[in-house]
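2 protein chains.
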Amino acid sequence: MADSPDAERTMSPMELYEKLTSQGDQVRALKTAKADKAEIDAAVQLLLQLKLEYKKLTGQDYKAGSPPSDNSAPFNGAVEDGTNDEDTVDPWNVSTSNAKGVDYDKLIVRFGSSKIDQKLVDRIEKVAGQQPHRFLRRGIFFSHRDMHQVLDAYEKQKSFYLYTGRGPSSEAMHVGHLIPFIFTKWLQDVFDVPLVIQLTDDEKYLWKDLTIEECHRFAVENAKDIIACGFDVNKTFIFSDLDYMGASPEFYRNVVKIEKHVTFNQVKGIFGFTDSDCIGKISFPAIQAAPSFSNSFPQIFGSRKDIQCLIPCAIDQDPYFRMTRDVAPRIGYPKPALLHSTFFPALQGAQTKMSASDANSSIFLTDTPKQIKNKVNKHAFSGGKDTVEEHRKYGGNPDVDVSFMYLTFFLEDDEQLEKIRQDYASGALLTGELKKLLIETLQPMIAQHQERRKHITDETVKQFMTPRPLNFKQ
Amino acid sequence: MADSPDAERTMSPMELYEKLTSQGDQVRALKTAKADKAEIDAAVQLLLQLKLEYKKLTGQDYKAGSPPSDNSAPFNGAVEDGTNDEDTVDPWNVSTSNAKGVDYDKLIVRFGSSKIDQKLVDRIEKVAGQQPHRFLRRGIFFSHRDMHQVLDAYEKQKSFYLYTGRGPSSEAMHVGHLIPFIFTKWLQDVFDVPLVIQLTDDEKYLWKDLTIEECHRFAVENAKDIIACGFDVNKTFIFSDLDYMGASPEFYRNVVKIEKHVTFNQVKGIFGFTDSDCIGKISFPAIQAAPSFSNSFPQIFGSRKDIQCLIPCAIDQDPYFRMTRDVAPRIGYPKPALLHSTFFPALQGAQTKMSASDANSSIFLTDTPKQIKNKVNKHAFSGGKDTVEEHRKYGGNPDVDVSFMYLTFFLEDDEQLEKIRQDYASGALLTGELKKLLIETLQPMIAQHQERRKHITDETVKQFMTPRPLNFKQ
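Line order of the protein sequences matches chains A and B. Mapping of the first sequence onto the working numbering: position 142 corresponds to residue 142, and the numbering continues sequentially without gaps. Just add 474 to wherever you are in the second sequence, counting from 1, and you've got the working numbering.
Simulated from the structure, these hints should not be mistaken for lab results. Here a beta-carbon is modelled for each residue, glycine too, at the ideal position from N, C-alpha and C. Some clues are possibly wrong.
What the hints assert, rightly or not - Below are the EDC-like pairs computed for lysine to aspartate or glutamate, each with C-alpha atoms no more than 16 Å apart in a straight line:
#, chain 1, residue 1, chain 2, residue 2
1, B, Lys-742, A, Glu-412
2, B, Lys-742, A, Asp-275
3, B, Lys-529, B, Glu-560
4, B, Lys-859, B, Asp-887
5, B, Lys-493, A, Asp-399
6, A, Lys-268, B, Asp-626
7, A, Lys-378, A, Asp-358
8, B, Lys-537, B, Glu-599
9, A, Lys-268, B, Asp-749
10, B, Lys-936, B, Asp-751
11, A, Lys-19, B, Asp-751
12, B, Lys-910, B, Glu-925
13, A, Lys-385, A, Asp-399
14, B, Lys-493, A, Asp-277
15, A, Lys-19, B, Asp-749
16, B, Lys-867, B, Asp-897
Stated by the list, open to error - Ranges of calculated distance between the beta carbons of each label pair, as one might list FRET restraints:
#, chain 1, residue 1, chain 2, residue 2, range
17, B, Arg-927, A, Leu-52, 52 to 60 Å
18, A, Ser-97, B, Ser-496, 49 to 57 Å
19, A, Val-233, B, Gln-937, 55 to 63 Å
20, B, Ala-833, A, Lys-156, 51 to 59 Å
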């Protein structure tokens, strides 16, 4: 667990960026002060040299005010790229003006991640020996970092572990919240790897008007819905930050290591924090970063710090892990790999992420069959035409139709889904009929979830949430 | 452990200050924009009203750029008060240009604390039923916050607990490091109260070029010297942050509560942090604050959050506890009381605090009798005259003589000390003779410390550092 001093001697892109910025200030100050020409020349010389190093290190030209990120994309996802219709995507805000939702191809360029293309999907199929999950087949998990590297190692019998999480801001979870868990369970089954799930109850306490006790209770309640996704208790550790931080000196040591290697300037650039933010928010990113390193879980991995971590998550969480990947080599740990999902649309349309506080914005895991039926019929934004006649004549638009989008997430059969798309687009399938298909898909799915959740006892939750060894091939 | 929402609804001086500052900005912006007169008038009206509230709350006039602190002194100890010879006193820097040392009376005014006057010393004697410790008799503990309140409660059978600490930046401790521990042991014996001692190994890792493992090892080594001061294992809990943070969910919960109620603006004002500081430094003050609240130690105090804390420490640590006292009522906890000591002078003179990295700047706890003799004779700054003749004629100056200062700390007999002072001032006592008296005081004291430390086993350290119940009257 010692620091790796060798790794620290090389400057990171961010350190070099900061040095460049301060050297630029220096040059300006000398010029303003009408300093000696030789002195100014020397300072300019150093500035140019630093710019060369920066270009060499990041592959990009230095630009004042644009800190570097992983793969040299601007750190902050919300930075403008010259167009005015930019989507906003960060851990607290997701918005777009487009009814089809966020432009994910643009996001890949802006965040500096890589697209999950057909080649990668095929490769996952080959390595896993299974048909890829529908989320992969349909581009719902659409972006990644270092997934090829994970597969390379896996093919050489070098395994990895999975890390995902959730911010427990209320008891209520909706179907959209299940996306990362459904996919993570598939990865766990297919690759037979251990999994850690972080419930950031401390984060919710810091950000929301809630007490510590409420946040912790939400964490435990949410854990039940997560367990109901079918995770293997022998391979899965679920933890509340409020519990685990106070139960694992190794976890805290990694938090402190990360905290030492990230400045306020950096979190300001990445997350948009200001001087009026509380110091808890400012240091929280280190707590979401720490589970990316295997020695944060000695009960599972012993003192091994070299086990690769793979993080399936929605793309809005990427800023945390860009920061983590920047820090990792400087503290002697491997960078976590990532698989990014698109956002699950609100019933009202794909322009926004859903709100757990608006019961009509999504299908909740506690909804009755009747509530599901009413919500879909009343609130699901339709891509159909105004009258049956027009619809039959011109057809509907599945690209903006929320019922069709939901089916993309939850209907397993590819052929059936494609037929629905064609029939809706041609006008053969009416909006009411499409909604009925969705209702018939959701009702049994939610009922089965509720049935599984009903059987999850406090004892089971305690089992999942107790730090302990896990079973997996090492 | 729930938050106290009632307490939170009242604005703290700092919140009101921030509101005032932003209202001032607002008025200026309206004027600059040549806004409607009625609008400007309304904004000015609100500004005046806020100023009245501020005066009522803090007893002071609002002044832009001067945030409020406890007792309305400026938060930052280093703020100028109009004179140019201001001493610098904060947790990382202590300096003065005066050979007699820091001007402590001025510091009391600047920090907004209270002087430990003869009346308070007499009262402690009465309540404790013992002669006050020489550190109290001689003004070495010279300043306090709320000590009368602690004694009021104690007289009504409402007890308190002690909290002190040390930053383990190296294995080497010198006699100056013992001052708070010698005094704390006396308080523990006299009042029969439990004591917690925090070793901030996480802080040292964040501030210094050291590994986590080194800092933790220093903490354990320092614990041995602290235990050698004679603390009662049944009443004393010593902890390393790196260990205890990961062993007590209750401690972490208090850290997060504090972190939620302190902004970057505030720690910037109090500690002088900048945007280039790492996020670990920025959030660390919450970790030094947390032991001030009794429910951080459930193994000792159960879930009780109302037990008063008394903190004996050197005055440079006060900024941490001004912050703590500001936060306490907002999270429903009592403010900790404090007893502040002066600084222990370096052998070279009272202008600076000692450095653990300069072996000749003080007497170390590992020094041999010969080393003690050589150091005092060679390095202890003398207030004597240049020649014996002059000294006999004009006398020496005990106020700047480091040997005499050290005797003030360590020679128990008041009459003997006073006689030494008079004889040195009159010239009857020569510098060499004064140094000999100091050497004869230090040699047995250090030898006894070394003897006690030798018998402290790893088992004993483990006992002190294990979270467990303590024995005390409740």
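Structure-based check of all given hints:
Annotation: proposed proximity of B/Lys-742 to A/Glu-412 is violated, straight-line Cα distance about 55 Å (limit 16 Å). Among the hinted pairs, B/Lys-742 with A/Asp-275 is consistent with the structure: their alpha-carbon atoms are about 9 Å apart, no more than 16 Å. With a CA separation close to 27 Å, the supplied pair B/Lys-529 and B/Glu-560 exceeds the 16 Å bound. Among the hinted pairs, B/Lys-859 with B/Asp-887 is inconsistent with the structure: their alpha-carbon atoms are about 26 Å apart, more than 16 Å.
A C-alpha spacing of about 47 Å is found between B/Lys-493 and A/Asp-399, which places the hinted pair above 16 Å, so the restraint is violated. With a CA separation close to 47 Å, the supplied pair A/Lys-268 and B/Asp-626 exceeds the 16 Å bound. Distance restraint check for A/Lys-378 and A/Asp-358: the Cα-Cα separation of roughly 14 Å lies within the 16 Å cut-off, and the hinted pair is therefore satisfied. The hinted pair formed by B/Lys-537 and B/Glu-599 fails the criterion: a straight-line CA distance of about 41 Å is larger than 16 Å.
This hinted pair checks out: A/Lys-268 and B/Asp-749 have alpha carbons roughly 9 Å apart, not beyond 16 Å. A hinted pair counts as satisfied when its Cα atoms are at most 16 Å apart, and B/Lys-936 with B/Asp-751 does not qualify at roughly 34 Å. A C-alpha spacing of about 14 Å is found between A/Lys-19 and B/Asp-751, which places the hinted pair at or below 16 Å, so the restraint holds. A threshold of 16 Å between alpha carbons decides the hint, and for B/Lys-910 with B/Glu-925 the separation of about 23 Å lies outside it, so the pair is violated.
Distance restraint check for A/Lys-385 and A/Asp-399: the Cα-Cα separation of roughly 13 Å lies within the 16 Å cut-off, and the hinted pair is therefore satisfied. A distance of roughly 14 Å separates the Cα atoms of B/Lys-493 and A/Asp-277; the hinted pair therefore holds under the 16 Å criterion. Annotation: proposed proximity of A/Lys-19 to B/Asp-749 holds, straight-line Cα distance about 14 Å (limit 16 Å). Only pairs whose Cα atoms come within 16 Å are accepted, and B/Lys-867 paired with B/Asp-897 is accepted, the gap being roughly 12 Å.
Between B/Arg-927 and A/Leu-52 the beta carbon distance is about 56 Å. The supplied range of 52 to 60 Å therefore holds. The given range of 49 to 57 Å is broken by A/Ser-97 and B/Ser-496, whose C-beta atoms sit roughly 31 Å from each other. For the pair A/Val-233 and B/Gln-937, the supplied restraint of 55 to 63 Å is violated, since their beta-carbon distance comes to about 37 Å. Range check, B/Ala-833 to A/Lys-156: Cβ separation about 53 Å, and the 51 to 59 Å hint holds.
Taken one by one, the earlier hints fail for this structure at numbers 1, 3, 4, 5, 6, 8, 10, 12, 18 and 19, listed in ascending order.
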